[in-house]
Structures are given as C-alpha cells and as structure tokens.
Amino acid sequence: MGCGRTGAAIAGQLDQDGHKVTVLDLNASQFRRLPDAFGGQMAVGNGMDTDSLERAGARDSDAFIAVTQGDNRNFFASQLAREVFGVESVICRVKDPERGEIFGHLGLQTYSPTSAGVEAMLSMLVPAGRT
Amino acid sequence: MYVIIAGGGKVGYYLARELLSGDHEILVIERSSSRAAEINDLLEGTVLQGDGCEASVLDGAGIARADLVAAVTGDDEDNLVVCEIARYRGVSRVLARVNNPTNAQLFQKRGIETTVSATEAILFQIEQELPVTAMVPVMQLHQGLELVEVRLGETSPVVGRTPREVLLPPESLIALIVDSGGVPRVPGADTTLTAGDALVVVTRAESKGMLQEALIGGAHGFDT
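Protein sequences, first through last, are from chains A and B. Residues -14 to 116 (our numbering) make up the first sequence, in order. Residues 10 to 233 (our numbering) make up the second sequence, in order.
Hints may be right or wrong, so weigh each one.
With a Cα cut of at most 25 Å, we get these calculated SDA-like pairs of lysine to any residue [stated by the list, open to error]:
(1) B/K19 with B/I48
(2) B/K118 with A/I87
(3) B/K118 with B/N108
(4) B/K118 with A/V69
(5) A/K80 with B/S65
(6) B/K19 with B/A70
(7) B/K19 with A/S46
(8) A/K80 with B/D76
(9) B/K19 with B/D76
(10) B/K118 with A/L91
(11) B/K19 with A/H90
(12) B/K118 with A/H90
(13) B/K118 with A/G30
(14) B/K19 with B/T123
(15) B/K118 with A/D36
(16) B/K118 with A/S46
(17) A/K80 with B/V66
(18) A/K80 with B/T123
(19) A/K80 with B/L57
(20) B/K118 with A/Y96
(21) A/K80 with A/Y96
(22) A/K80 with B/S42
(23) B/K118 with A/G92
(24) B/K19 with A/G55
(25) A/K80 with B/E63
(26) A/K80 with B/R96
(27) A/K5 with A/S74
(28) B/K118 with A/P20
(29) B/K118 with A/T35
(30) A/K80 with B/G83
(31) B/K118 with A/E86
(32) B/K19 with B/N49
(33) B/K118 with A/R40
(34) B/K118 with A/K5
(35) A/K80 with B/R98
If you're looking for bench data, these hints aren't it; they were derived computationally from the structure.
The task is simple: from the sequences and hints, build the whole structure.
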C-alpha cells in the first residue's frame, strides 16, 4: 500500500523474486515508479477502505506492507489487514519513532526510517579507527 | 471527571462546551494553531495546540490521569491512533467518532467498543421510518448484538411452525412475539407462528442477512 519510492522498490524486488504482488495507491500516476518489467497487479484505491483491500486481494495475501506518507494511515490499514483480513505478516512504516514503538506493542511489525536514519548518520560521524 | 477531547472541530468544540457546563475538567487538543486559538477563547482556555496522535502531546496533556478520552476528528485513522495510544497509556474509557460506518468493525476488533457514527445514526432513523422493510432495526445492544423487528408475511417459511422449530443464525434468539392484534407473548413450546406476527429478535449485525433468509425467505442478499 503506497506506491512511492519505497513501495515501488519493494514491489519491484518482490516481483522479481517471483512473488505475486499487488500495489495499491490512490493515484494511478504513482505506478510510473514501478520498474518497466513489473509483472504484478496495480490497483487504484484507498488502503483504509475495506472494499478496496478486498478487491486488491487482501483476504488471500500472506503479507501486507503499508508505506504511505501518513503514519496513521499506515497504522489503520495495517490493523485492517491483520484484524479484518487475517493477513499473517503485516509491516507498517511509521516515521514518528515514538508512535512506532507503541504500534509495535499493538500487534504490528513497525519500521521507523527516522530512527534508522539517525542511527546510520550518527555512526558515520565517528571517524574510522576511532571509538 | 477529566476528559480529553482530540479534535477541535465542530464536534469537539460543542462537546467540550456541553461538558464544561457540567462539573468536568476538559482539555481539547487541536492540531491547527489558528483553530486552537479561535476555540481557546471560547472554551475558557482549555485548548492545547498540538497533534493528539503524538504520544508526547498526549503525555503532556496528562493522559495518564484522564478518565475518558474522546477522539472526534474527521479522520478515522487519527481517531484510531488516539484511542490506541490512550489505551496503551492505561486510559480505561475511550470513545471514537467513526466517519465511515464500515470502519466501526475495526474499532470493535481493536477493543474500542464505543464508536459514534453520524452516518449510521441517520441511516438508523431512516430505516426505522420505512414501513415497507420487513426487517426493522430497533436498537443496537452491546458486543455487536442488535435488536430487530421482523414482520412475518404469508410467504414466510416459518408460518405454522413453533419458535423452537425455526433454525436461526448463531447467537440469535426470538425474544418476543407481538401478534397482529398487538398482543405480546413470550415464545413458548406451544406457540405457533402466524402471518402478521411481529417478532422481536436479538441477533448479530453480521447475521442479519441469514436471519432475513430464515424468517422471510427468498434470496434477500444472503450475507455470509
């Protein structure tokens, strides 16, 4: 859910690895980010809407990844996927680390690009060979 | 009672105003700084400008000692997040406004039992006023249960049977029978269902299609 740079890259990789992939986005023009060779499904719709998720095949899916720009939208759609559609593996991107930590206690696997970025950049600050 | 209201739109503002006239301590959290300033003057300085979806803002609002948190913004995802964080922080009573009525099921699955939907409330009133519908919602009960009234027509498959012989969906129960003369009876072993009877039935929201099928017959949108 969410065909931005991250969503498109994840979808492209999974498709290349031979998985059956559906990308969901509100805006069809976002599908331009997908690689030319992408062989999966592209569905226009709102991932927070039960009907859209149903049409996109959420009921039969093994995994759901929410990577829209909105933390709360990602959380809402992820909980729908888990609670209503019974998707086993649900990953939710949450930019706000504080919120991400709480969501992690509420049944979701969360990933915070903010925390990951902070950690990565801080580690670069230390010159090689010094601690 | 200390009540935190997330969302200072029309619903949040009027809710706060009503509660302030009682003897409650109120705090409205509103994201937009201009709206927050606007209603802060009207609500005796009880408005906090900030994003109620952020745990630190809720902590700053003293969420740990709140008796009730009401999430009433116009976005269901924000309302869900406010309620989830509030419950995670130990608030026992949370309440959510649900803008899209189909979203109520997710709130319920997440254990947020109290949801309020204006769309659903209006729909409920309209359905109650439609005399042609054979199944009329009477009242919503707790835990997803509903009270409905079903009028038996001549073609109903249950006419001539006793209530015990009728196969109902799970967790459904005929609570009362009102005959065409307006006489109420509690269903018993010797009661025979007759065309013109109105049955008051307790059922689950998701079983209404099956209930209609069982009592009225025909393929009325069988809901599995």
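What hint numbers does the structure not satisfy? 7, 8, 11, 18, 28 and 34
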